[in-house]
Structures are given as C-alpha cells and as structure tokens.
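Visitor: Take a look at the letters that make up each chain.
Number of protein chains: 8
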Amino acid sequence: KRLGFDEVIYGKNKSTNQLIDIINLYKNKNLNFFCTGLHPEKINELEKVFPDLYFSRESGTARNFAYPETKISNSVGVITAGTSDAQVAYEAIETLRVLGIPFEKYIDIGVAGIHRFLHYLDDLRNHSVLIVIAGMEGALPSVVGGIFAQPIIAVPTSVGYGTALSGFTPLFAMLTSCANGITVVNIDNGFGAAMAAFRILQQIENKND
Amino acid sequence: KRLGFDEVIYGKNKSTNQLIDIINLYKNKNLNFFCTGLHPEKINELEKVFPDLYFSRESGTARNFAYPETKISNSVGVITAGTSDAQVAYEAIETLRVLGIPFEKYIDIGVAGIHRFLHYLDDLRNHSVLIVIAGMEGALPSVVGGIFAQPIIAVPTSVGYGTALSGFTPLFAMLTSCANGITVVNIDNGFGAAMAAFRILQQIENKND
Amino acid sequence: KRLGFDEVIYGKNKSTNQLIDIINLYKNKNLNFFCTGLHPEKINELEKVFPDLYFSRESGTARNFAYPETKISNSVGVITAGTSDAQVAYEAIETLRVLGIPFEKYIDIGVAGIHRFLHYLDDLRNHSVLIVIAGMEGALPSVVGGIFAQPIIAVPTSVGYGTALSGFTPLFAMLTSCANGITVVNIDNGFGAAMAAFRILQQIENKND
Amino acid sequence: KRLGFDEVIYGKNKSTNQLIDIINLYKNKNLNFFCTGLHPEKINELEKVFPDLYFSRESGTARNFAYPETKISNSVGVITAGTSDAQVAYEAIETLRVLGIPFEKYIDIGVAGIHRFLHYLDDLRNHSVLIVIAGMEGALPSVVGGIFAQPIIAVPTSVGYGTALSGFTPLFAMLTSCANGITVVNIDNGFGAAMAAFRILQQIENKND
Amino acid sequence: KRLGFDEVIYGKNKSTNQLIDIINLYKNKNLNFFCTGLHPEKINELEKVFPDLYFSRESGTARNFAYPETKISNSVGVITAGTSDAQVAYEAIETLRVLGIPFEKYIDIGVAGIHRFLHYLDDLRNHSVLIVIAGMEGALPSVVGGIFAQPIIAVPTSVGYGTALSGFTPLFAMLTSCANGITVVNIDNGFGAAMAAFRILQQIENKND
Amino acid sequence: KRLGFDEVIYGKNKSTNQLIDIINLYKNKNLNFFCTGLHPEKINELEKVFPDLYFSRESGTARNFAYPETKISNSVGVITAGTSDAQVAYEAIETLRVLGIPFEKYIDIGVAGIHRFLHYLDDLRNHSVLIVIAGMEGALPSVVGGIFAQPIIAVPTSVGYGTALSGFTPLFAMLTSCANGITVVNIDNGFGAAMAAFRILQQIENKND
Amino acid sequence: KRLGFDEVIYGKNKSTNQLIDIINLYKNKNLNFFCTGLHPEKINELEKVFPDLYFSRESGTARNFAYPETKISNSVGVITAGTSDAQVAYEAIETLRVLGIPFEKYIDIGVAGIHRFLHYLDDLRNHSVLIVIAGMEGALPSVVGGIFAQPIIAVPTSVGYGTALSGFTPLFAMLTSCANGITVVNIDNGFGAAMAAFRILQQIENKND
Amino acid sequence: KRLGFDEVIYGKNKSTNQLIDIINLYKNKNLNFFCTGLHPEKINELEKVFPDLYFSRESGTARNFAYPETKISNSVGVITAGTSDAQVAYEAIETLRVLGIPFEKYIDIGVAGIHRFLHYLDDLRNHSVLIVIAGMEGALPSVVGGIFAQPIIAVPTSVGYGTALSGFTPLFAMLTSCANGITVVNIDNGFGAAMAAFRILQQIENKND
Ligand SMILES: Nc1ncnc2c1ncn2[C@@H]1O[C@H](COP(=O)(O)O)[C@@H](O)[C@H]1O
Ligand SMILES: Nc1ncnc2c1ncn2[C@@H]1O[C@H](COP(=O)(O)O)[C@@H](O)[C@H]1O
Ligand SMILES: Nc1ncnc2c1ncn2[C@@H]1O[C@H](COP(=O)(O)O)[C@@H](O)[C@H]1O
Ligand SMILES: Nc1ncnc2c1ncn2[C@@H]1O[C@H](COP(=O)(O)O)[C@@H](O)[C@H]1O
Ligand SMILES: [Mg+2]
Ligand SMILES: [Mg+2]
Ligand SMILES: [Mg+2]
Ligand SMILES: [Mg+2]
Ligand SMILES: [Mg+2]
Ligand SMILES: [Mg+2]
Ligand SMILES: [Mg+2]
Ligand SMILES: [Mg+2]
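Protein chains in written order, with the working numbering: chain H, 287 to 495; chain B, 287 to 495; chain P, 287 to 495; chain U, 287 to 495; chain E, 287 to 495; chain G, 287 to 495; chain V, 287 to 495; chain Y, 287 to 495.
Think of the hints as simulated: they come from the structure by calculation, not from any bench. Mixed in with the good hints, there may be bad ones.
In silico lysine to aspartate or glutamate, EDC-like type, Cα no more than 16 Å apart, as pairs [to be verified]:
no.: 1; chain 1: E; residue 1: K315; chain 2: E; residue 2: E293
no.: 2; chain 1: B; residue 1: K298; chain 2: B; residue 2: E331
no.: 3; chain 1: U; residue 1: K334; chain 2: U; residue 2: D307
no.: 4; chain 1: U; residue 1: K493; chain 2: E; residue 2: E491
no.: 5; chain 1: B; residue 1: K493; chain 2: H; residue 2: E491
no.: 6; chain 1: B; residue 1: K357; chain 2: B; residue 2: E491
no.: 7; chain 1: Y; residue 1: K493; chain 2: V; residue 2: E491
no.: 8; chain 1: E; residue 1: K493; chain 2: U; residue 2: E491
no.: 9; chain 1: E; residue 1: K357; chain 2: E; residue 2: E491
no.: 10; chain 1: P; residue 1: K493; chain 2: G; residue 2: E491
no.: 11; chain 1: E; residue 1: K391; chain 2: E; residue 2: D409
no.: 12; chain 1: G; residue 1: K313; chain 2: G; residue 2: D338
no.: 13; chain 1: B; residue 1: K313; chain 2: B; residue 2: D292
no.: 14; chain 1: P; residue 1: K357; chain 2: P; residue 2: E491
no.: 15; chain 1: H; residue 1: K313; chain 2: H; residue 2: D338
no.: 16; chain 1: G; residue 1: K493; chain 2: P; residue 2: E491
no.: 17; chain 1: E; residue 1: K298; chain 2: E; residue 2: E327
no.: 18; chain 1: V; residue 1: K391; chain 2: V; residue 2: D408
no.: 19; chain 1: H; residue 1: K493; chain 2: B; residue 2: E491
no.: 20; chain 1: H; residue 1: K328; chain 2: H; residue 2: D307
no.: 21; chain 1: V; residue 1: K493; chain 2: Y; residue 2: E491
Negatives, chain U to chain Y, calculated, CB over 12 Å [said to hold, decoys possible]:
no.: 22; residue: N314
no.: 23; residue: L332
no.: 24; residue: R343
no.: 25; residue: G386
no.: 26; residue: Y392
no.: 27; residue: D394
no.: 28; residue: K493
Virtual Cβ for every residue (Gly too), placed ideally from N, Cα, C.
With the rest of the complex left out, here is chain H (with noise of 0.2 Å):
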C-alpha cells in the first residue's frame, strides 16, 4: 500500500475477460484499484458488467473508489506541448487525483510559439515538480529545465509520423538533454510520471513533519 494504491492494473495487454477476473477477484477481496490503458471499447464493455466503476475515458482509467480528500500540500504542473499530448496529460492527472495530490494543468505551449510558453513563467514556478510532456522532437523539456530549477519528470509522447518513431526520438532527445537534471519515463507513460511526481512529494511532507 506503501505507492498510494492497494492493487494497480494495467489494461492494455490484458482482455476485457481478463480484465473482468481480475476485478472481481479484487472486489472480493474488498481492495482498492486503479486500472490503466483501457481502450474506449473495452470501457464500454466493462462498464455494463461493473455499473459501479468510476471510469474515465480521457484517461482510459477506472477504479473502485472516490477521489481521495487533498493529501498533500505541494503542487503539480502538468504541461504539454500540443494539443495531441493530451491525453497523456490525463493519464497523469487521473493518477494525480487518486493520490490526492493538487495539480494545474498547461496544454499546447510547446516550443514552436516560445510566447505561448513564456506567458505561464510566474504560473510555473509555484509547482514543486513538473510534468512535461511531448511528442514529435520533444524539445519542451529542454526549454523548461533551462529554465526552472524543480524536479522535472518528461514523458514522451507517440503523436508525430515518420522519424518521430512512434516516440522514441522525444525519449532519446529528452534523455540526452543539454539541460541538467531532467529525468524520464517511458513512452506515453502519464501514470508513471504521476507516480515519480508521488514519490518526490512524499519525500517532501515527510521531511516537513
């Protein structure tokens, strides 16, 4: 229970009957759980057999219990650099909101119009950590932890075509970085982000006890 959750699925790999075993084995069980990488398709099918599931399809998540109360003090930005990032971004906040952790949300001020980004400058600099996602050539992390000095987690996304490599160059450009510091999850991957985001600000209030 240490990470925020009793149980966490991840759906994509798994059949909507697999997915049907599972939670109801957990319900049973009577433990929370999150479930990630659900497919519209199978939210449709499983929401006629568990009507009381709270789904999200933005996020393609679904759990068993109400958002927590607000846990922790410290705040998260969620920043994407276009709009279609977003759906990482919700992946992100869902798991943000489940762990009870405040956040604020900046989408679509990638680099291609640095003004869309300058503009959030004072906004940014209240979060004690930043999420920043992007697709194509993933250079909004660079640009940010140039300019910030908080923990900066960068996603990379699979939006773009053709040498975007269904994501893996903003990961390998995220990674090799000439900004210092920046760390990276796996590709789309908004639940571990929120999850390092997590475990960052446990640190913190821990330390502030």
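With chain H's structure known, arrange chains B, P, U, E, G, V and Y with the ligands on it following the hints.
Guide: Quick look at chains B, P, U, E, G, V and Y with the ligands alone, frame taken from chain H:
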C-alpha cells in the same frame, strides 16, 4: 548559478585544445566551473597546463574550486549492480560532492546474488533519494523500486556486450520497469542523476525552511 | 517422431484454408499432429470443419489425439512475472501436456513485489527444469537464476509498450543476464520452451534407465 | 561548374595515397578543387606533399585556389547550439567562403539557456538563410523556426553520447520538428548545408538581376 | 501569421471529436485554418458536421477559406518518382495553393525509366524551387540534383515494402545523396516541403521588392 | 559455490588496475576464481603481476586453481561452423574444464559443406548436450536440431561483416530456428553456454544418484 | 518491353480506385500489363470492374493477356523451406509463367528435416537457375549453395515472429551466407526473383543462338 | 573445386597466427587457396612468412597460384559510382582474375553526374553480367537496371557517413530498387559478386557446349 555551478563543461566531444581555451576563458572571468567526461589521457594533458585545478581520475572530472561545505541535510544513496558500474557511480558522487550533498555508496549489490542487496535494506531506507546504477539487463532498479518508496533515479550503464547494446538494454528495461514511478537518465550519465537528485533535495530543503 | 510428435503445424502465418488442407492431409495419413499459434477466430472456424479435434483457446492450439499418459517422471515449473504473461505460459503448458510431462504453474510472481516470488522458493526447488516467462524489463530470470541451480529456460513476452519493444527488451535483458547459464527462446515462444525442457528431461530419463 | 567548384573531393573514405593521386590529377588538368572531410593527420601528410595548397584544420578542408571575392550580396547566419558543434560550423563557413558568400557566426547559443539565443534576435533577422547546427536533442531549429520566416537549414551533429545516437536523435528531431518548413541535411554535413544555402542565394540573386 | 496561416492543425493523431472541438474554437475566433493528415473516413465524418468547410480527399486536407489569389510570382515544380507517391504530392500542392504559390506537377518520372525524366528537362529548369518526391530507393533527387542548380527539397515517401523501411530507406538515401546541397523533410511530409518552398520564395520576392 | 566457482570475474569492461585489485581481494580471502573476457594484452600485463595464475590466451581466461578432476560422467559436444568461431569454442571448453566436465570438439563443420557435418553424425550422438557455435548466418544449429534429440545450446558469434550485424543475425536466426527446442545464449558467450550445459548435466547426475 | 512486359503495376500501395484508373489507361493504349501485390479483397473488387482480366489469388496478381508459349528452353527450380512460404513462391511462378519460362516447384523442404531436401538432389541439378525461398532463419540457401553450382536467387519471406523481424533475419542471413555467390532480393519479392532469373536465362539463350 | 577454388579463406576475423597455421596446412596438402579480407598490415606480416605467395594490396587478397588462363569467353563489366568505392571493385576484379573471367572496369561514373555514365552506354552493353558497386545512396544500380537487360549484381559499399549507415542505406536501396530483377550481395562483398557472376557465366558456357 541556480543549478549549482557557474559553468559546467562536457569534455567528451571537445579536443584538449578546445578545453584549454574554454578553461582559460572561465578562469579569466573568475567563474567556478565543473568539467565531466574527461578521459584519463586528457586529464594527463590538462594537468600539465593547469596544475592548480582539482582533477579526479576515477570520475573523469575537473574543477577549479574546493569542495563546498555540505549545504543539504538529506542524503543520497548511490547503488551499483556490479563493480564495472563503479566509474559511473564516481561521476555521480563527485557531482554530489561539488554540490555539497551528503551520500553513501553501495557497490556491487546486484540481483544475481539478491542477498547482497537484502543485506542493506535498513541502510538504504534512510536516504531521501536513491540513485541506482546498472548495466547488462538493468534489473536492480525494479527490485529497489518494488521495496522502497523514495524517489529512484535509475542510471543505465554501457557495461556488458552483445545484447546489452552498449547500455540500451538496461535503459529500455528501466523505462519499462514493472516497479512504478522510477525515472531514468541517459546511459552512463552519473552527472545527470546527481543533478536530478539535487533538484529534488533543493525542493525538500526549500519547503522545510 | 523423435521429438514427441508426428507433425507440428505453426498456425500463425497460415490462412484457415491452408490449415484445413494440411489437417486433412495429416488425418488421411493417420498422423498425429499438434498445431500452435491459432488465433481464437481461426479456432472458431476450424471447429466447425473439424468438430472432432481438441482445441484449447487459452493456449491457441489444436491436436487430433488425447493427452498421453505422463511418460516423464521429473517435473517442470512454469513461472510468469505478470498476469498478462499467462497466455504464453498456457502454450508451454499445453505442449508439456501433449508430451506427457508433469508440471506446476506459478503465475504473477514477478520482481516488482519480490516477496511473491520468495514465497515459493521451496516449491520451485523440486522441479528439474524451470521455464521463466516475463515481459516488460524481463528481470525475473536473473533473480531465479541467481538462486536456483537447475536448467532455466527464459521466455520473453511481448507484454508492455514503448521501450518494451514488443518483447525485444526482455529478450535482450535475459540474454545479457548477470545470472550465469540461463538460456533463452524466441519472444512469446512457449512451445519452444516446452520442447527445450523435453530435450533435457528425455536426457535425464535416458541416463536413469 | 554550375555548383560553384570545378571539383569537390570527399576525403573521409580515401587514403592519403588516393588523395595524392586525385589532387595531382586535378592539378595537372588545371582544375580548381575543394576537398572536405580531412582528419588533422591527413592534413599533416598532405601538407608535406603539397605545400602550395590552402589547408584549414578547424574545418578539415583543403583547396588549391584563393578565396574568391564575395559574389553574393545576401548573407547567411551560421548558428550552433554548443561549443562542441563548432567544427561542423567551420566546415559550413569554409564552404561559404570559397563560394564567395558573406556570413556571420553565432556559436553556443542553444536552448538550455534560451536567453543567449534571444539576445541575437535582431541580428539573426538580417540574414537571408539560417544554418542551424545542433547535436544532442537538436532542439534549437524548432525554436529558431518558430520565430523566423527565412529558409532554415538544420544540421544535426554527432555531439553527445548514449541516446544522442551519434547524431540520429537530433537528425530525427529536426525532421519531425513542430516548426514548419525546416529542411535538414546529413549528420555533421556542414558542407551540404552551405551548398543548400548557395542554391537558395543564387536563386535570389538571379531573380534580382 | 507570418508563415501563411492563422492556424495549422495536424489531423493524424487527433480523434474526430478532438478535431471538431478545435475547428469550432477557431471558427468562433474567426481564424483561418488549414488542416492536414485527414484520413478519408475522418473527412466523411467532419463533412457532416461542417458542410461549409473545403475538403480535399486526394490530399487529406480541410480549410475554412477560399484559395487566395496567387501572391508569389515564382513557381515550384512538384515531381514524383512513381504514381504511388502522388498522394504526398497532392498534400504539397494543396499547401502551395492555399499559400498562393504557382506550381506545375510531374508525376511518375522516376529513375527506372530515366528517359521519362529527361523529357522534362526544359520545363523543370523554369521553376525557382523543385520538390522531388520518391519512395522505395529514393534515387530521383540525386539525379535531379546533379543536373539542376535550384534549391531542391526532397520528400521521402512510405511507398514500398521490406527494405524500403516505411520510408526510412529513401529518407537516408536522400540525406546521403552524392548530389550536393539537397535538403530533406520528414517521410510523407508534403506539407513541410511546401512550407520550406514558401520560406525560400518569400525571400526571393522580398529581395526583389 | 553452487554453480561451480567461488567467484567469476568478467574481465572485458574492467581496467587492468581494477582486475588487479579484485584478484588480490579474492586471493587474500582464499577464494577460487575464474576470470573470462581477457584480451591478450591484459593477460600480458596480469601475468607480470601474478606469475602464479593459470592463463589461457586462446580462451581469454585466467584462474587461480588447477583443473579439477572430471566430476561429471556425461559429456558435451562443442561444435563450430567455421575456423573463425574457434575462440568462442575455447572459452566454452575452458569453462567445461574448470567445471570438471568431459567434452569433445568439432571445429569448422558448418553448412556450406554439409558433408563435413554429416561425417560426424555418430560421434555427436554420444554427447548428452551439444553446444553449437556459429557466426554469419548461424544456420548450423537448425540442421543439428533437426537431426539430434539432445539439449542444444546455440551460441551466435560476432564473426562476419555487414549484415552479420556483429552477431545479431546469427542470434536472431537461432532464436527463430525452424528446429524445435533449441535454446540460445548471448553473442560470443562461450562461458554462458558451458554454464547452461553444467546446469543440465548436474540435473542428470543428481537424478542418477 | 525489353524486360518482358509492356507495363508492370505494383498494386500494394495503390487504392482500388487508383488501380482502376491505371488499368483503364493501359487498356485504352492497348498495352499488355502484369499487376502484382493484390490482396484478395482488392482482387474481388477489381474482378467486378474488369471481368475480362486474368486474376490469380494464390499469387496476388492480375494480367490482361493469356500466358505466352514457353519461349525459353532452360528451366527454373522454385524451392521453399516451409508451407507458409508458398505464397511468395506463387508470385515467382506466376511471373515465370507470363514470361514463358518453364519451372518446377519444391515446397516445404527446409533444413529442419534435411532429408526432405536431400531427396530432391538429382531433380534440382537439372535447372539452370534455383530460386530458394525461406522465412524464419533463412538457412536453406546456404545448404543449397554449398551443394549446387548454378546461379541461386535467395528470397527471404516475412514468415515467422519475434526475432524473424518480418523477414529481415532471413534477409540478413542470406546476404551473409557462408556459401559463396548467392544473390538476394527484397523480402517476399517473388516477382523480383523471377525477373532476375529472366535476365540470366535470356543471357543463356542469346549466347546459344 | 566446383566453385573455382580448392579453398577460400576469409581473413578478416582471423589473427595473423591463425592465418599462418591455415596457410601452412593448405600448402602441406598441396591445395590451391585464395584468401580475402586482408588488411594491408596483415599482408605485411604474411609477406615476411610467405615470400612465395601472390599478394594484392589494393584488393586485400593473397593466393598461392598464378592467374589461370582465361577459361570463360563472356565478360563482366565492373562499375563503381565513386572513386572511394574502388577497393571493393578490386576485390571483385581479383576474384574474377583468379577464376579466369575477362572483365572491364568503369570507375567513378555515378548518378550525381549522369553524363559520365551515359558516355559508356555502348561499352556496357557488351558484357554478359554487370557488377554495379555504390555506396552513399546506392542509386546507380537503379539507373543501370532501367537501361540494361543483362543480369545485374549490385554491391553496396560502406562509403559515406551518417545516414549512409555503414552501407545499409545503399544495401536497402538496392534491394527495394524500382528497376526489376536486380540482385544484391552483402556490403563491400566484391568477392561474392564475382562468385555470383561466375555461377551465371558457367551456366552460359555449359549451355553453349
Ligand atoms: N500505464 C501504466 N504504465 C506502466 N505500468 C503500469 C501502468 N498501469 C499499471 N502498470 C503496472 O503494471 C503492473 C501490473 O502488471 P500485471 O500483473 O500484468 O497486471 C504493475 O506493476 C502496475 O503498477
Ligand atoms: N509456436 C511455435 N513457435 C515456433 N515454431 C513453431 C511453433 N509451432 C510450430 N513450429 C514449427 O514450425 C515449423 C512448421 O512450419 P511450416 O512448414 O511452415 O508449417 C516446424 O518446424 C514446427 O515445429
Ligand atoms: N563533406 C561532404 N559531405 C557530403 N558529401 C560530400 C562532402 N564533400 C564532398 N562531397 C561529395 O562527395 C562526392 C565525391 O565522391 P567521390 O567520387 O567518392 O570522391 C561529390 O558528390 C562531392 O560533392
Ligand atoms: N570476402 C568474403 N566475403 C564473404 N565470404 C567470404 C569472403 N571470403 C571468404 N569467404 C567465405 O568464408 C568461408 C570461410 O570461413 P572460415 O571457415 O571462417 O574461414 C567460406 O565459405 C568462404 O568462401
Ligand atoms: Mg499546438
Ligand atoms: Mg559483481
Ligand atoms: Mg501483476
Ligand atoms: Mg554550451
Ligand atoms: Mg511508375
Ligand atoms: Mg571454414
Ligand atoms: Mg514445414
Ligand atoms: Mg566521384
């Protein structure tokens, strides 16, 4: 200066002559600098030109200032899977030292003999951040991340041959780890891992003040 | 017939019509055959044409003969890291069954919660061969191989996304494992792992006679 | 002769002996030639044989003719992200020189400290073509392309390590840049970038006549 | 507005619902927009919602404004190697049209029958910029670049199979072309090629004024 | 000690100084060790420091103990496709020797002259395990596996050039072999193949007792 | 017409509508054409529009002319390793037929059961060219090339999974074959193999006249 | 002996000592041998030991027999795109010589200056087989194959940098060439191309007798 140094020089792609020019420039400007990625032979050459610099062969670094006093109260655990990974650990450790961050090192406690790692469970729990360094299959961060709740910064190394892919296999393994919320930096990037730890520790300290 | 079957058909790259032709051919020749790699929909179509065959949906296989009696006295342990890896385990298990090999299965005991695995240490020690199945970072065989002295056949699976590289990351990780003497088969190749176990078990039995 | 030279020799894959033969051939034919891709040591050897050639070590080039007078009225801005990218810039600059094209250079103004780049906004606006050279994550052309309307020729460099992939990461990043209408040349190909600028500038001049 | 449009939407990674939201937003703001990367089925759905938009199926684009008058006096030649490359050409052509740029198209004149290309030598010489589109081995730009002195923008396409590598083979071939000064855009990126031509043509016009 | 050695040192990624430290450590602790991956030049240097060690240049190994008596009654056949693959065979053979396992070697009997292999059919049938070593296209294990029923451990080597891909082509070929139940180890990993054979042979012996 | 057809159409990357336009064009010009790469569903649609064309589903081809009489006196042997490779063989065979070349086919005689191949040694010796088709590890051409002296055209197929890499593993294996003088065509390219055979056979016939 | 030599030795992956052993072995057996892949320095060492062998530095080969008389009446044209490709041509030519095959060479006539190639059209038409050697984008075989009807053996070379991918780009380009019936050998494999020509020429001669 926000991120700990006046200037950082990445020495790997620069010739000795380029390095001499840059170092002279910074010395003339009275700037403090930290230089990484120095092959032992480059150090030999630079030492002749700049006998007053501080060189560290095991970490491949140089600097023109003494270690600062410890400025940070929380500590970092630096863990490696094998002995061959040690030189990446030394780059991280040297960076922590020049940033005034306390640390402890745990070398050669990888998963092939899981008891070695289990032996340090209590020690490791005391650190605010864990830097976990591994080459070959890069499995150690998964085990660490399944047991500990702190922020974990995984560093893949180029140790291994054949399918180790010069570090891309542990890199990819760490990014797709089944342990949640692990973040990753570039292959052999001990410096970046320490900088990421610095970003987190600063945040902890700031909120404590 | 030496390797356990009259004929093995690999069903994945064949159309249903090709499969019908081949099956009729073998039936007319009175040959026993085992067919793997059958997608559920292909099974549905084949079942209409051949109601007398034995189909197994969870393993994607078909055969025209009943399970043989157990011919081998030593057993195989079939281990998976996650629940998503189970279908590869079932292909291995079905192959073991048609070869008359006793087995035990251990599903979802991967490294992210190492206690799950440690719980079965005594059971696992009893098997003559261990088949260890894992996707994502593929770390489980390293831990198993560090603890047990038996032959270990590692099977990477295509479970995961992004840097899991459709199974190439666990494949490469298993091949470069820091545990010694682990051998590996193709991605998702439960059939091949069981056949490799069969080769070993036959050798044990032969030498015992 | 249409593209500026009688002959261009690519020196990288040729042995010193091959180069000597080719140079003698062209000298005997009274042809002007420009040779690129010369490692410093090859230059040392060639210099002994041909003391009358013009060698440039920082760009790795040789020629048998003096710089022509400036023949083009519009200029090129040559920008690099880091100091390590400078040697690619010098290959471009040397090529511009032998083509009689005016230029200005801007070294080490990459995105990790975006203020450095912003400082030159007015200067950069005056050039007819911008050559933007960057290694590592290759983010600078995206920022430049989002601000300026001129033709932008992006040159990825092999500077970096690990996920920089010897220049493939900045190459792919530049090709999938979210800034529109950026074009790209081969990794480290300063020569090709200058030639592309030449094609554009010639077109401008022609239409002006 | 500098680069020709109020807004450009990349339609490929966006769901129809996301597209409807964005289009409504821009319509409400009275902004002109151009949308690319629309699969025929998405166009069918959008056409029902927005009967007043201009759709082009052969180029996969949509816009909410009539073609502007031709604003540029110099023209672009759009060349393809095969008939299968035509749809990328149409994306380039549609972009040129909405930018008010005159053009001529030359479809299916690739190197396998070099006479087809040689037939158009005189026509091609008249254009200020040549966009050369080719899949498979991508050899056409090398031949064009060896004959013509104009700016050449090469566009690799995903036409082909096996070693065509979904366009990476022509991409790499174009970047390493033995013809000097060719520049390249992303695979299938007809839009980007037209934008690059626009940058060049604007520069020619400006200098003419 | 379970897997045959007190300690195994992998020498490739360690400097001579690191090796000297480790060897001294183990000698002081009175531990037996076996070291692999030693380049001839490293052996030259180590021999000067440790004249009492046993070095083997053809296998690139060192040890501080005499060969044990043969402890295992069943034997291993070590087969190579070409003469260039011999050095990988020697690493396997040296490992078998220090483990006390009897073996026979068959060098240069690859598929390009299939008669060479057919000549040894009867000899090969007597071994309990076959280690099959091949570079280039790696076809030999498929032929061996189609004829023999024993456990087969295939070792790809880095012999070859171009599309041999430093051993990845034979590696992939062996993993996707049409012969059933072949298992594979890392490229050039003669040590690992011998260890895998040891795991199997131990199992045979144990069950015999 | 030199290479056997008025026109060849590659159907894979073209839509049904594009194909209808091209076919009508060629019919109106009274040109003979041969079309390859037609998915069964495209054939169904084209058959409705052009009931007078000759379609072949097993080879995925169409033509508007009857088979010519055999024009060539020497024959081609078409060999496949497995039954799954048969459809590539049919593309080669259909091409040979429309070129008037005699042939013999040998399906499913791959190396996993080397006796199947050895059975046909005498038959195979009679052909002037051997086309050898194999997926998975692609070992068959090495064995054929070691025994026979004729020209051998190897065709890798996309049959297999995981490390078969959609045909790149047999492609690379065939190119690095230890049998000398084997040549290779693109993955699944039965058409190209037949055309290469045609080039050779024409040369034989010409020199005989 | 069927394929022209008693023995062929591939020298690249063998140490000088290994080579000396093998050469002595063959000399003692009175076998004729041909050795390829010899680096100039290896030749220097071997020449001291075997002053009676015939060495060729430009092709990197050695043999212990004089050139045979020309045994074949038809000739081979050996074409290269650039001067840097010449050393691969020399390996092919030396192999043709020891096989007694007449040939003509055409160096540096690649597509960047298509007139160079067009100049030799009539000469090239006379050869029975064309070996076409090219690095970088590898476009020359496509142009040759579109014009000539003879068998064409394309040889990609490792000449180039960056996206030339050490020869994989011309390799892939040649395999996916839009000219029909071109066949390909491994990167830099001049030897293999000559052997493939030998297979074809033998067939022509045989049928003529
Ligand atoms: N979106 C996600 N990305 C990465 N890992 C996840 C995600 N969702 C769940 N997981 C992890 O996947 C594992 C569950 O795997 P399984 O046993 O196959 O369901 C747990 O470690 C989860 O925490
Ligand atoms: N699941 C499987 N994975 C790998 N190979 C298989 C599998 N099932 C069958 N095979 C092998 O595929 C080959 C049959 O190929 P084919 O002639 O194309 O049917 C035989 O060598 C089988 O033993
Ligand atoms: N630095 C460079 N990068 C790319 N191509 C170059 C370079 N320098 C020369 N070239 C081209 O290389 C070709 C000469 O190749 P070669 O005949 O092998 O010398 C010509 O097309 C040159 O224009
Ligand atoms: N340049 C070359 N390229 C490819 N294969 C070669 C070459 N030279 C020799 N070979 C082949 O390499 C094999 C000899 O391998 P080995 O037994 O390791 O010496 C034989 O099949 C030779 O015909
Ligand atoms: Mg946007
Ligand atoms: Mg160790
Ligand atoms: Mg699980
Ligand atoms: Mg800098
Ligand atoms: Mg065409
Ligand atoms: Mg040999
Ligand atoms: Mg078969
Ligand atoms: Mg040239």
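Visitor: A separate judgement is required for each hint: does it hold in the structure or not?
Guide: Going down the list of hints, with the structure as the test:
A C-alpha spacing of about 11 Å is found between E/K315 and E/E293, which places the hinted pair at or below 16 Å, so the restraint holds. A threshold of 16 Å between alpha carbons decides the hint, and for B/K298 with B/E331 the separation of about 14 Å falls inside it, so the pair holds. The straight-line distance between the Cα atoms of U/K334 and U/D307 is roughly 14 Å, inside the 16 Å bound, and the hint therefore holds. Under the criterion of a C-alpha separation no larger than 16 Å, the hint pairing U/K493 with E/E491 is consistent with the structure, at around 9 Å.
Distance hint between B/K493 and H/E491 is fulfilled; the C-alpha atoms sit about 9 Å from each other, no more than 16 Å. The hinted pair formed by B/K357 and B/E491 meets the criterion: a straight-line CA distance of about 10 Å does not exceed 16 Å. Under the criterion of a C-alpha separation no larger than 16 Å, the hint pairing Y/K493 with V/E491 is consistent with the structure, at around 9 Å. Between the alpha carbons of E/K493 and U/E491 the distance comes to roughly 8 Å, so the proposed pair stays at or under 16 Å and holds.
Distance hint between E/K357 and E/E491 is fulfilled; the C-alpha atoms sit about 10 Å from each other, no more than 16 Å. For the proposed pair P/K493 and G/E491, the alpha carbon gap of about 9 Å is at most 16 Å, so the pair holds. With a C-alpha separation of about 11 Å, the suggested pair E/K391 and E/D409 falls inside the 16 Å cut-off, and the hint holds. As the CA atoms of G/K313 and G/D338 are separated by approximately 11 Å, the hinted pair is consistent with the 16 Å bound.
A distance of roughly 11 Å separates the Cα atoms of B/K313 and B/D292; the hinted pair therefore holds under the 16 Å criterion. Pair hint P/K357 plus P/E491 holds up; C-alpha atoms about 10 Å apart against a cutoff of 16 Å. For the hint pairing H/K313 with H/D338, the CA-to-CA distance comes to about 11 Å; that is within 16 Å, so the pair holds. Under the criterion of a C-alpha separation no larger than 16 Å, the hint pairing G/K493 with P/E491 is consistent with the structure, at around 9 Å.
Restraint check for E/K298 and E/E327: satisfied, since their Cα atoms lie roughly 12 Å apart, inside the 16 Å limit. Using a Cα cut-off of 16 Å, the hinted pair V/K391 and V/D408 holds, with the two alpha carbons roughly 14 Å apart. At most 16 Å may separate the alpha-carbon atoms for a hinted pair to count; H/K493 and B/E491 meet this at roughly 8 Å. Taken as a hint, the H/K328 and H/D307 pair is honoured in the structure, with Cα atoms around 14 Å apart against an allowance of 16 Å.
Of the supplied pair hints, the one linking V/K493 and Y/E491 holds, its CA atoms being roughly 9 Å apart against a limit of 16 Å. Interface exclusion of U/N314 from chain Y stands, the closest Cβ pair being 16 Å apart, more than 12 Å. Chain Y leaves U/L332 outside its interface by the beta-carbon criterion, the shortest separation being 16 Å against a cut-off of 12 Å. Once the 12 Å rule is applied to beta carbons, U/R343 is consistent with being away from chain Y; the minimum gap is 19 Å.
For U/G386, the shortest C-beta to C-beta distance to chain Y comes to about 23 Å, beyond the 12 Å cut-off, and the non-interface label holds. Every Cβ of chain Y is farther than 12 Å from the Cβ of U/Y392; the closest lies at roughly 23 Å, confirming the non-interface assignment. Distance check for U/D394 against chain Y: the nearest CB is about 23 Å away, which clears 12 Å, and the non-interface claim stands. Residue-level check passed: U/K493 sits 26 Å from the nearest beta carbon of chain Y, beyond 12 Å.
This entry satisfies every hint, going by the numbered hints stated previously.
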